[in-house]
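The listed protein sequences derive, respectively, from chains A and B. Sequential numbering from 1 applies to the first sequence in the working numbering. Sequential numbering from 1001 applies to the second sequence in the working numbering.
Derived from the structure by calculation, the hints contain no laboratory data. Don't take every hint at face value.
Derived DSBU-like pairs: lysine-lysine, alpha-carbon spacing no greater than 35 Å straight-line [to be verified]:
# : chain 1 : residue 1 : chain 2 : residue 2
1 : B       : Lys1013   : A       : Lys523
2 : A       : Lys523    : B       : Lys1055
3 : A       : Lys239    : B       : Lys1055
4 : A       : Lys269    : B       : Lys1028
5 : B       : Lys1013   : A       : Lys488
6 : A       : Lys223    : B       : Lys1055
Here is how the chains run, residue by residue.
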Amino acid sequence: MSWTIALAGNPNTGKTSLFNALTGSNQHVGNWPGVTVERKEGRFRSSGEEVTVVDLPGIYSLGAASLDEEIAADYLLRNRPDLAVVVADASNLERSLYLAVQMLEIGTPLVLALNMMDMAVEKGILIDAARLGALLGVPVVPTVARRKEGIEELKERIVLSLREKRSSSSFSLPYGERLNPLFDALESFLTGRPELIPGLSARSAAVKFIEGDAALLAAAESKGLRKEMDALFAERGRKVEEELGYDLQTAVIERRWGFVSGVTAEAVKRDLSLKARLTLSDRIDRVVTSRALGLPLFFLVTWAVFRLTYALGDPLVEILEGVFESLGKWSGELLAGAGFSEIVSSFVQDGLVGGLGSVVVFFPHIFILFAFIALLEDSGYMARGAFVMDRVMHLMGLHGKSFIPMLMGFGCNVPSMMATRILEQPRDRMITLLVLPFMSCSARLPVFVLFAGVFFGAYAGTVVFSLYVLGILVAVLAAKALGSTLFKGESSQLVMELPPYHVPSLSMVLRHAWERGFLFLRKAGTFILLSVIAVWALASFPWGVEYGSSESVVGRLGHVLAPLFAPAGFGFWQAAVALFFGFLAKEVVVGTLGALLGSGEAGLAAALPALFTPLSAYAFLVMTLLYVPCVAAVAAFRRETGSWGWTLFMIAYTTLVGYGGAVLVYQGGKLLGLG
Amino acid sequence: MGFSCSCSGGSEKALSTLEIGEGGIVSKIVGDGSLKRRILEMGLVPGTQIRVERKAPFNDPVSVWFRGYELSLRVDEANAVLVRPSGCASCPEGSR
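When you get a sec, could you build the whole thing from the sequences and use the hints?
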């Protein structure tokens, strides 16, 4: 028989370690339908049973206050897994149990994994697992997932429970004499009527209704019962609220916590001699989150991550580029030698192998950056960084954690877009993704350096610096503008746990980094490859013309578009074509101009002043800085948002901002007499 | 006597106005919608004993210790949590 179970638990409880320990390398990573929250699935066999494990997002409750919670609650209610394993942090049992109790209330059969038992012992926390199991009516298995302790016992216990087919529908939380009559009334109203959510008992539905659960309210609405239930609530509920002195939503959640506290008090003993001791975590936090050192330390850490990612990654990228260049040449020559026409060998060399190369070169940076991110998240530092940085970022309508992808954007927009996954709320993530392209990546630098050197001589450094500052300013303004328009209604919350520090596990860090890099190759690779081939075709056809020349499709397109750029000061076809090729990677702008002006890259310094004035050169740089990022960044954006609509919006609005900026600079400059 | 303790117990006040080290008991969560629900479900329900653990460089966000863990809230989020202060370590005994 084959079974499906869900794995649920709070963040920072070692859930990922437990998932890895249970399923080994037998995993599949995807997305939850319609959203870009990661969905992991794995398998294990025990006692002849085949068990599929669905890893739910790390959540604190089923209240659907966040997208992750919505997904988890929806999965448990609609898909009804055969069983759920709740991973509890033994060193912080009370908070972990709230989720377990909520799951029991909706009738999910449970096994409780008491993880991080070693940490609990260290803190002087002793848990009576048998007593805890008896109080909740569920099997309890102590584990230390990082050291693979208790995993076999957990698997056996899961299989045993699956075979027993136990259900927790008998579980009912004691809500007390004030609330119970209200639940009774609603329960008897719902009994005999169609189930609001299939499989959910009338009692649980009554509780969820009073609690104001969004999914249940929507179900009541669609079944046409909402009005009567509201009437019942108005008649009986308001009176109870008056007696209590506060609202019923608070009352339900408060009583649930009351139950959890009671259970915890009975099952947990604390060694008081250890309680008073200042923990290591506290001592670290005295420094790390302090007023004087908090921010400098955070800047130092993120700067180190930035420098190391590119310092370690760049040599690897160079090697990969060399390999693909040789491979392209070699295959091109091989095909030409074998008698294939030039069109075939050119396609293979520039389109296919070149395209593959431009996908693979991103792997080193993504791998290294995500190794660092996993390190920061796993150690507990990421939350501290967000804590000290939130005030500043919130001024721009962003989240404290947004700082990391924004900073990484100066290196390369691709890994930094992927890094927006550290943001949990869709609003924060979307705004960060949308403003990231304005952070000037390193591929734009060669263009800046060339033009600044040619046109601004001694002031070249200042000009390049001004472009970086301009990018940041545009990003800040765009974030403000997006936050108060398109994302106006969506609230932004912090409400974030500061978990105790702990030593990250190297294998988990590497695994995470590998998954990220591999997923990028698989998911974004096709799009990048196809785009490179499309650009190759536009530059090569009609067949016989020189690659990317005036007569090619691209060249003709350039002639058509050139007048559009006249108000920005660079209304000639070579500039349009260079910008078009910049879509492959922004540094390609330099090589393209070199080829089109017939001077080569070396002769550009002499050739450029014939076309540009210093003012139009600066306008061209503003355009290069702000217009649509390269194809790989677009692919990463598409992958992180999961939406072609948003992707097209991003392409359109960045290009408009770039164009507008360039025109503004050129026309403004002329007005000031600079042209 | 002229001596006054800034964290004297008694009247209800917003969590965000408590000083570092000051503690109290949650009396009410105001407002509604997903923020209120999230705060409640994280365990900040009436009757919960809390202590302000630290504040970020610009005094925002604040970090609160309760139920054996630490939770950070922006100041405008912590404004929704009403607390009855129970004094703090920096107050001399008997000043409340």
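Going through the hints against the structure:
no. : hint                  : verdict
1   : B:Lys1013 to A:Lys523 : violated (51 Å)
2   : A:Lys523 to B:Lys1055 : violated (41 Å)
3   : A:Lys239 to B:Lys1055 : violated (40 Å)
4   : A:Lys269 to B:Lys1028 : holds (30 Å)
5   : B:Lys1013 to A:Lys488 : holds (30 Å)
6   : A:Lys223 to B:Lys1055 : violated (48 Å)
Taken one by one, the earlier hints fail for this structure at numbers 1, 2, 3, 6, listed in ascending order.
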